[in-house]
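J.: Residues per chain, in single letters:
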Amino acid sequence: MALPIPAAPVEEVDWDVPEQVGLWTDVWRRFRRNRLAVAGAVVVVILLADALLAGLLQQIGLIQDPIKQHVEITLAGPSAQHLLGTDYLGRDTLSRLMYGARISLTIGILVQAIYVVIGGTIGMIAGYAGGRVDNLLMRFTDIWYAFPDLLFVLVLVSVFGPSLLSIFAAIGIVNWVNLARLVRGQVLSIKEKEYVESARAVGSSHFKIVLRHLVPNALGPVIVTLTFGIPAAIFLEAALSYLGVGIQPPTPSWGVMIQDGYQAIYASPWQVTFPAFAIAITMLSFSFIGDGLRDALDPRMRQ
Amino acid sequence: MANTAIGGRPAGGALPVRRLLAPSSRGAALTFFVLRRVLWMVPVLFFVILITFLLMHLAPGSPWDRAGGRQLSATIVQNLNVRYGLDKPIWQQFLLYLWNVSHFDFGLSYQYQGRSVGSLLVNAWPYTATLGVLAFSLIVVAGVGLGVIAALRQNSRVDYVAMGFSTFGASVPNFVVGMLFIIVFGVFMYKLTGGAYSLPVSGFGLDDHLIMPVVTLALLPTAFIARLTRASTLDILRQDYVRTAWAKGLTERLVVLKHILKNSLIPVVTALGPTFAFLVTGSVIVETVFVIPGIGSSFVTAVLSRDYPMILATTILFSIVVAVANLVVDVLYVFIDPRVRLT
Amino acid sequence: MAGKILRIEDLKTQFFTSRGVVRAVDGVSLHVDEGETVAVVGESGCGKTMTALSILRLVPDPGRIVGGHIWFRDRDVTTMDAEQVREFRGNDVAMIFQDPMTSLNPVTKVGTQIEEAMTAHERFSPRDALERVIPLLQRVRIPAAERRRQDYPHQFSGGMRQRAMIAMGLANEPQLIIADEPTTALDVTVQAQIVTLLKQLNSELGTAIMLITHNMALVASICTRVIVMYAGRVVEEGPVRQIFKSPQHPYTWSLLRSVPRVDEVRRSRLVSITGMPPDLVRMPPGCKFHPRCAFRVDRCSDDEPALDEVGPNQVARCWVLMRNVPQEAARELEAVTISRDVVEELKATAPDLEDVADGS
Numbered sequence: 001m002a003l004p005i006p007a008a009p010v011e012e013v014d015w016d017v018p019e020q021v022g023l024w025t026d027v028w029r030r031f032r033r034n035r036l037a038v039a040g041a042v043v044v045v046i047l048l049a050d051a052l053l054a055g056l057l058q059q060i061g062l063i064q065d066p067i068k069q070h071v072e073i074t075l076a077g078p079s080a081q082h083l084l085g086t087d088y089l090g091r092d093t094l095s096r097l098m099y100g101a102r103i104s105l106t107i108g109i110l111v112q113a114i115y116v117v118i119g120g121t122i123g124m125i126a127g128y129a130g131g132r133v134d135n136l137l138m139r140f141t142d143i144w145y146a147f148p149d150l151l152f153v154l155v156l157v158s159v160f161g162p163s164l165l166s167i168f169a170a171i172g173i174v175n176w177v178n179l180a181r182l183v184r185g186q187v188l189s190i191k192e193k194e195y196v197e198s199a200r201a202v203g204s205s206h207f208k209i210v211l212r213h214l215v216p217n218a219l220g221p222v223i224v225t226l227t228f229g230i231p232a233a234i235f236l237e238a239a240l241s242y243l244g245v246g247i248q249p250p251t252p253s254w255g256v257m258i259q260d261g262y263q264a265i266y267a268s269p270w271q272v273t274f275p276a277f278a279i280a281i282t283m284l285s286f287s288f289i290g291d292g293l294r295d296a297l298d299p300r301m302r303q
Numbered sequence: 001m002a003n004t005a006i007g008g009r010p011a012g013g014a015l016p017v018r019r020l021l022a023p024s025s026r027g028a029a030l031t032f033f034v035l036r037r038v039l040w041m042v043p044v045l046f047f048v049i050l051i052t053f054l055l056m057h058l059a060p061g062s063p064w065d066r067a068g069g070r071q072l073s074a075t076i077v078q079n080l081n082v083r084y085g086l087d088k089p090i091w092q093q094f095l096l097y098l099w100n101v102s103h104f105d106f107g108l109s110y111q112y113q114g115r116s117v118g119s120l121l122v123n124a125w126p127y128t129a130t131l132g133v134l135a136f137s138l139i140v141v142a143g144v145g146l147g148v149i150a151a152l153r154q155n156s157r158v159d160y161v162a163m164g165f166s167t168f169g170a171s172v173p174n175f176v177v178g179m180l181f182i183i184v185f186g187v188f189m190y191k192l193t194g195g196a197y198s199l200p201v202s203g204f205g206l207d208d209h210l211i212m213p214v215v216t217l218a219l220l221p222t223a224f225i226a227r228l229t230r231a232s233t234l235d236i237l238r239q240d241y242v243r244t245a246w247a248k249g250l251t252e253r254l255v256v257l258k259h260i261l262k263n264s265l266i267p268v269v270t271a272l273g274p275t276f277a278f279l280v281t282g283s284v285i286v287e288t289v290f291v292i293p294g295i296g297s298s299f300v301t302a303v304l305s306r307d308y309p310m311i312l313a314t315t316i317l318f319s320i321v322v323a324v325a326n327l328v329v330d331v332l333y334v335f336i337d338p339r340v341r342l343t
Numbered sequence: 001m002a003g004k005i006l007r008i009e010d011l012k013t014q015f016f017t018s019r020g021v022v023r024a025v026d027g028v029s030l031h032v033d034e035g036e037t038v039a040v041v042g043e044s045g046c047g048k049t050m051t052a053l054s055i056l057r058l059v060p061d062p063g064r065i066v067g068g069h070i071w072f073r074d075r076d077v078t079t080m081d082a083e084q085v086r087e088f089r090g091n092d093v094a095m096i097f098q099d100p101m102t103s104l105n106p107v108t109k110v111g112t113q114i115e116e117a118m119t120a121h122e123r124f125s126p127r128d129a130l131e132r133v134i135p136l137l138q139r140v141r142i143p144a145a146e147r148r149r150q151d152y153p154h155q156f157s158g159g160m161r162q163r164a165m166i167a168m169g170l171a172n173e174p175q176l177i178i179a180d181e182p183t184t185a186l187d188v189t190v191q192a193q194i195v196t197l198l199k200q201l202n203s204e205l206g207t208a209i210m211l212i213t214h215n216m217a218l219v220a221s222i223c224t225r226v227i228v229m230y231a232g233r234v235v236e237e238g239p240v241r242q243i244f245k246s247p248q249h250p251y252t253w254s255l256l257r258s259v260p261r262v263d264e265v266r267r268s269r270l271v272s273i274t275g276m277p278p279d280l281v282r283m284p285p286g287c288k289f290h291p292r293c294a295f296r297v298d299r300c301s302d303d304e305p306a307l308d309e310v311g312p313n314q315v316a317r318c319w320v321l322m323r324n325v326p327q328e329a330a331r332e333l334e335a336v337t338i339s340r341d342v343v344e345e346l347k348a349t350a351p352d353l354e355d356v357a358d359g360s
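Chains as they are written, first to last, in the numbering used here: chain H, 1 to 303; chain A, 1 to 343; chain X, 1 to 360.
Next comes chain H alone, as it looks inside the complex (with noise of 0.2 Å):
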């Protein structure tokens, strides 16, 4: 018996098949096309630069003394020895800048890594324990929460004295809670799906899966998250700098170098425009990495 052939051979559709991509090319290139992210990326590359040379710079003689004082030419307009001009004590406007890009970088970068141990570990102790430990956790970090960040801060500061430790420490104790929420609610939903599967795991310790799938799926959203906490926590430095209970001088900050040029505010404005222009550009250039980051790792736009 011939079986006829149908006489209607499927047609070629011209399908556009999507290559796989890993899921980090992927990341990478959505991030690309978010020019904004792009340039504040540029821009954090420079400061990231800035603050590693900083200190070689002024060795070969391209950027002056931060903290030599020119009596003589207090409150300078911008010229060829200072591009900047100088404050109110006669000090180089530029390098004490560029050297208040350190400590911004510094603190705000480095926080970070007190966030996801502190935050990290109980968000996943509460998120794996569950139960009373979760519910005492959570209620822990609830207490943790009441009080308002920057008050906190300003209290620790002033009991442990103002020095780059104490102000470094107070920043990372305070602002840890979203961190550990969001470490708790991934353990938590991780459980979930791990429960049933562990069901049948045969050997392989249970936390251990649990800890093998968080990192990947949790990755993503800290990774945003601390990107945003980089403005937040430079915020508080430099606002405590500012308030005169953060960094002493005549160390560089911007937040000091903002207090000092308002003192000088009506003789020459430009002195706390820089400063200021700096924290602003800094902290919208990681706010705009953050988005970026965001919408690249969202899962829901993947293609």
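No false leads were slipped in.
Computed from the model, here is a short list of chain A residues facing chain H with C-beta under 7 Å: (1) Phe47; (2) Val48; (3) Leu55; (4) Leu58; (5) Val172; (6) Pro173; (7) Ile183; (8) Val187; (9) Val280; (10) Thr281; (11) Val303; (12) Thr315; (13) Phe318; (14) Val322.
Since the hints were made in silico from the structure, they are not lab data. For each residue, glycine too, the CB sits at the ideal point set by N, CA and C.
With chain H's structure known, arrange chains A and X on it following the hints.
T.: For chains A and X alone, kept in the frame of chain H given last:
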């Protein structure tokens, strides 16, 4: 800490409840819910006070240290200690303090000899409250307004301008903004008008003194609320039930108010709680920049001069404000969203 | 034009996207008479929903009605201004949407949503509207209507929500109800209830129903006339029994063959139509169905056929027409794709056969 830049709500609220009687209606369940939340505030505040209190006593040095050499004599220090109760063991001091606080006695200020912290706070309070109320109104009106308009006219010029503004507002620290305002509307305006007019850059008055501080204080939360409102409204606009509303032949006004906004403003209301926390911390900075004698600037001077009773009292006060605000918002949320289950 | 409440003339609705112009509705003409139940069938993307949305001027951005007329009685919907359209919607013509879970406002009580459908048109005062809610809910067979009107949508089951939507649609006694896939999102048992309800409403109230669906079984149970759409155009139209018995367009024929029918001798093959619906931006030349058609001839790829009469009250858009296809060929080609076990069976009996061109 109540993170002042990102909206978030306390995770808590649901204490393990023994059902004494099953709530027969949502009304009864609501009452229980409110009661539970109010009761929960008590231990939270207790710990806030405890932690701050302990921190105060951990600080090195004593309030009697005088900068610049001449210290007070030992006997005077001893007398002062006795007078302020600083010689008793810590736990006793704490209990004593709690007792006093419940009678609204916050002790005597260390900086201003002989004046009670309570009276200082009472004096400073109206300034902060005025700023706060005005800023909050501005946030709600401008933030929600901008967000809604931007969403309804998506991708139009209005949308881009509104969102550009909110990106700027959300990323620039408030003291920077304050500075910029002072420079532009204080210094430049003065020079431009030949000294005729400029906005006042410091001090308080129920007039144009208020403009710059209030705007500075409100800027970041407004930006945040605007973005949130826009995102939420855009999300709702795509929902099927909005199409159903149009298909029923409802007027644009009805569709926008009862179907779109009624839904899209729910997350915005939730975000207003943390906004309060931001107003609180913001006031610290704004009052310093614009030299306004409110609670915020009092706090800063207290920190700088180690006035512990003042620091303690202010922290407690602010924490109460934040906690109450969050409570109100949480309760409000349950009222406006009938899908929420009140277990 | 007596008796015709809806007449669509050469409607064209297009979407202006970055990829190009999507011709969602490309010259559709159809009509609905008073009290009729008409089905509009076709695959997803064939334009049936867009046609319905065009009737109510609800085409979403970036879409636009670019040509044609929609006559409701003697008024042209396409030329109405905003206020006239508003009056028209939910009043003369009501529409029920596909997913009842998301089609009701979650923060407003169900009773209120039905009331506002009435008060929006000034036919009923607020007091009257209030009073009409309970009878409406009862008419759509929602039990405990008095209590239920105070409930919120999330307290209703899926089937009940759809009934509530139907009640909302009925509130202003429209002459035509357009039901867009009203049962797709519901359980099978609930589907039957909704369908029965629609049938009852049609016979009790005389409301015309335009049922949009891809479910041929539904069509058979309540509709008297069926319109088949493909790629934004009508490809066949006729009385239900006639179409089911002798469909003339190959697409209709395939659609019907793809429904397993309980009353037939059990077959081992389940048929599906190969290929994908055409890209509405770049459509094939000639007949839009020809790339997937088992019976095409050369002419099909060159000229697009017009809608010609092929029987009493039946029209079809095809050069070939099923009645011209030899019976044996039609029977054998019933499987445009053949299921796997049949292929195995055939291979066993004719082992020297090359792979059957399996379309899937």
